[in-house]
Amino acid sequence: MSASPVIEAEGVGRRFGARTVLQDVSFRVEPGEVFAIVGPDGAGKTTLLQMLAAILRPSLGSCRVLGEDVRKRPDRVQARVGYMSQGFSLYDRLTVAENIAFAAGIRDVPKEALVARKAKLVAMAGLERFQDRREGALSGGMRKKLALCANLIHEPPLLILDEPSLGVDPLSRRELWRILEAARAEGRSIVFATSYMDEADASDRVLLLRDGRPLALGTPSDLRKTARAHVYSVGTDAPELAEAALTRLPDVLSFQRRSAGEVRVQLRTAGVPPDIGPDFRDLKPVEPTMEDVFTVASAPAEPIAVSQTAVRSPSQEILIAAEHVTQRFGDFVAVDDVSLRIAAGEVLGLLGPNGAGKTTLIRILCGLLAPSEGRAAVAGYDVARQSEKVRSSIGYVSQKFSLFTDLTAEENLIFFARAYGVPSPEMKTRIAWACEHAGVPPSEAGLVRNLSSAVRQRLALACAILHRPKVLFLDEPTSGVDPLSRFRFWRMIAGLAADGVAVIVSTHYLEEATYCDRLGLMMDGRMIALGTLQALMADLGLTDLRVEDVFLGFIARERGQAAAA
Amino acid sequence: MNPGRLFGLLGKEFAQMLRDPVVLFLILWLTTVEVAMCTLAVGMDVKNLKLGLMDHDRSAASRALSKALTSADTFVLAGVFTSEAQAEAGLKKGKLDALVEIPPGFGARVASGRKTSVGVVVDGSNADVASRARAYIIEMTARFAQERVMGAMPMKAGVQPAVRVWYNPNLTNTRFEALAMLAQAGFMLAVILPAAGMVREKQNGTLEQIRVTPIRAHELFLGKVLPPVTVTLGSLLPSLLVIRLLHVPMNGSVTTFLGLEALFLLSAVSIGMFVATITSTLQQALLTSFFSLFPLLFLSGSVSPIESMPRWLQIASEASPLRHGIEITAGLFLKGAGMGELWPHAVALAAIGAPLFATSWLLFRRQW
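Protein sequences appear in the order of chains D and E. In terms of this note's numbering, the first sequence opens at residue 1 and continues consecutively. In terms of this note's numbering, the second sequence opens at residue 1 and continues consecutively.
To be clear, the hints were calculated from the coordinates, so they are not data collected in a lab. Computed from a prediction, not measured in an experiment: that's the story for all the values here. Don't take every hint at face value.
To be verified - Result set (BS3-like, lysine-lysine): computed pairs, CA atoms no more than 25 Å apart in a straight line:
| id | chain 1 | residue 1 | chain 2 | residue 2 |
| --- | --- | --- | --- | --- |
| 1 | D | 389 | E | 202 |
| 2 | E | 95 | E | 67 |
| 3 | E | 115 | E | 95 |
| 4 | D | 470 | D | 428 |
| 5 | E | 50 | E | 95 |
| 6 | E | 202 | D | 400 |
What the hints assert, rightly or not - Derived CB-CB ranges, DEER-like:
| id | chain 1 | residue 1 | chain 2 | residue 2 | range |
| --- | --- | --- | --- | --- | --- |
| 7 | D | 433 | E | 343 | 49 to 57 Å |
| 8 | D | 354 | E | 237 | 48 to 56 Å |
| 9 | E | 37 | D | 136 | 35 to 43 Å |
| 10 | D | 105 | E | 126 | 39 to 47 Å |
| 11 | E | 316 | D | 87 | 39 to 47 Å |
| 12 | E | 204 | D | 133 | 25 to 33 Å |
| 13 | D | 133 | E | 280 | 19 to 27 Å |
| 14 | D | 11 | E | 28 | 39 to 47 Å |
| 15 | D | 133 | E | 95 | 53 to 61 Å |
Quick reminder that beta carbons are idealized off the backbone N, C-alpha and C, glycines included.
Isolated chain D, as found in the complex (with noise of 0.2 Å):
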């Protein structure tokens, strides 16, 4: 390529006070480059962009943008590229035109070209029909949607994106990836900020960061052979006893059951096969993924003891039990006639796009809505009549790990145990064996807002079963957390499972639903699938497992039903 550098980053770093969020960052784009940008929250990317995008002074290094120092020319850079921040940057109360109209007023778009472009973008992001809808009236894929258009329409040579597929389901992320395929198409570098490693995946390059410093810079498959040779599969009839197996051996880093037969393992030690014993057939190295690399990269330097967890005896007690639950906020039906059935011990995982129904559903199972028809009994308690004896016997844990961030760790965990009626005496056992339980380091000092996401995540996870609840609902606890946490996370709600606790977890990384036992797919209010992901494969005739291809496969024949009907 002989065209100069579109940024050229040289040991770029930020300090806020003291702090130092990020450093050591050298790295260059050329131009028509997709440019991946992927760590847990917390790990400065963020940052990272907001000092591309020439919006926020780097306090080290030097960084040029097209061609321009951003400490020396910030204006110059801020006019040329386009930069969406996380979460939504337009204007609610203007229509989707007006919105487009006044991005392209503010960047000095021509008016001819305006209509031409502002048509072309329009369609590509299926957005026509809503051109005189609200933007706040719009879904949060839409709304993304239409932010990128924003973004585009001054034609930027640089596209700067953080997390652009945050809290877009799986649909809308597929076509706004297309409308950045098309940019690019263009000739436009794009450089994005994403936890979602198959977004990682297709990029032509990529930069791992955790806890503000490069792990690892290179192209996908360059990546992904820095960790052949760390990550295996185990083939299995039994994939309890295999995990039990891999549980005990300190150079696993984490495993995921990727269907009834296989689980797949990544090492810390690479080219050492691990030594499960005679009893499982087909150990065999695989091609490691995105999600294997980060792994690997970020392997501590001593064996984090995982919690072992018992092989789990399913259960016959019913923990929770909806019958024909419906739910309307006027004329909105936000949950639409679910059944279900949970045992204890048992896992289920709820998926579908945002305004499923999923936050809705799991605010009725936890006694804080009454449902419009239908009942639901939790631990035995009917969630509209005795909603206090339901809220004692489950813990919740919030998408946004609801934790009182200007105190302590210790003082949160008092507080709830306050707050569930733990005895004075065992105030002090409890909150031992729920940190232990949740993986919560005992030493924790310091307020929650400085922790990492990763921590509080466990912070709020032993806040919730302070009281030994019979229930855990979890709704998306694991949004913004690395791949290694993530693992952790879901061995300790295993072990919790394994305890005679019935746990329903809400998500949005579908590679996640194999931790489950069985698995919901709720779309529009309605449960559109329920059962053991083998079962849904096997429904929808698939054979090769990609829970993204289940959900997706679901939505099309449902959707298929409603166009037919």
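Please arrange chain E on chain D, whose structure you already have, making use of the hints.
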């Protein structure tokens, strides 16, 4: 009521409030610096008004009159004019607040005991200032005339008022303003602290987390209401110190003061909780608090005297807890009044606070 749960809630609330340096600084700022600033700036004493003089007489008498007008600190001589146009320009530009025109032959007429007149023009754009300026000029001129005309001969008949001002002998507004500000600062804090605290839990999602625990609605309500009252009462102590520095006497009992103040703050925290139930962001909560504070403030008598309000507003002012709070504070501090004199205000505060408290509790309960 579970004491462990309530205790947990209270402990958490105090820790959060007292650990936030910004909030602590703002509380301290409001109750000290702002009390002092408002008192000194808003003090409604009319002082140092700019007087213009057109002396067409230039006699000993005319000089004596102008000296009499500017001897106290109400007026300072801002300019002597010879032409009307100049003087008018001064008034228009705001360089003068009042203009006194002494006609030719003034001295001679006064000396001979004949009737004479003095022209007075007052800038009426600030009615309050104008009325005081007018009254002052009339009073001083009358006194001047009395001394000149009748001073020689003793009064044989007529009524001579013997006025004594009690409780505030210098008739300064500083004392009253300081006490009004003290009451207002406490009231504002007790509205905003619970409103902000509650809305913050809504925004952070911790409210939902609390709702899935066995914590009951009334426990959370008390846990949200008691800490702001305590913190506000505590913040009044530095305020009292500032007030002492402003030379306001403390004649009543501090215990009575704190007791009645707590009753007074009951209305404030109820309004705060009410605001929290109808808003969902901090910005909304703060704006709503301010808008609800203004009418109460205007009706309290600290901005303009209640006696000068239209009749229906005077009646409405009875419903402002601030009015009673200010009367209680002023009564206690300036007059050394006790419960014996202040009980009607205490009853009024209870009558206003109880329904407010009940309403905000019912709304809160319904949202739970």
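Check: Given the hint that residue 115 of chain E pairs with residue 95 of chain E, does the C-alpha gap stay at or below 25 Å?
Finding: This hinted pair is violated, its Cα atoms lying about 32 Å apart.
Notebook entry, point to check: Cβ-Cβ distance between residue 316 of chain E and residue 87 of chain D: within 39 to 47 Å?
Noted result: Given range 39 to 47 Å: holds, Cβ gap about 45 Å.
Item checked: Range hint compliance [Cβ, residue 204 of chain E to residue 133 of chain D, 25 to 33 Å] -> With a Cβ separation near 30 Å, residue 204 of chain E and residue 133 of chain D satisfy 25 to 33 Å, so the hint holds.
Note to self: Looking only at beta-carbon atoms, does the pair residue 105 of chain D, residue 126 of chain E fall within the given range of 39 to 47 Å?
What the structure shows: holds, 45 Å
Check: Taken at face value, is the distance from the CA of residue 67 of chain E to the CA of residue 95 of chain E at most 25 Å?
Finding: holds, 20 Å
Notebook entry, point to check: Does 35 to 43 Å hold as the CB distance between residue 37 of chain E and residue 136 of chain D, or does it fail?
Noted result: Given about 42 Å between the Cβ atoms, the range holds.
Next item on the list: Could you see if the CB distance from residue 354 of chain D to residue 237 of chain E stays within 48 to 56 Å?
Entry: Between residue 354 of chain D and residue 237 of chain E, where Cβ atoms are some 51 Å apart, the hint holds.
Note to self: For residue 470 of chain D and residue 428 of chain D, compute the direct alpha-carbon distance and say whether it is at most 25 Å.
What the structure shows: holds, 21 Å
Checklist line | Supplied distance hint 49 to 57 Å, evaluated on CB atoms of residue 433 of chain D and residue 343 of chain E | finding: holds, 56 Å
Next item on the list: Below or equal to 25 Å on CA atoms is what counts here, so check residue 202 of chain E against residue 400 of chain D.
Entry: It holds: about 12 Å lies between the C-alpha atoms, which stays within 25 Å.
Note to self: Please check whether residue 11 of chain D and residue 28 of chain E have a Cβ separation lying inside 39 to 47 Å.
What the structure shows: holds, 44 Å
Next item on the list: Assess, step by step, whether the Cα of residue 389 of chain D is no farther than 25 Å from the Cα of residue 202 of chain E, and give holds or violated.
Entry: The given pair, whose Cα atoms are some 23 Å apart, holds under the 25 Å limit.
Hint 3 from the list above is the single one not met by this structure.
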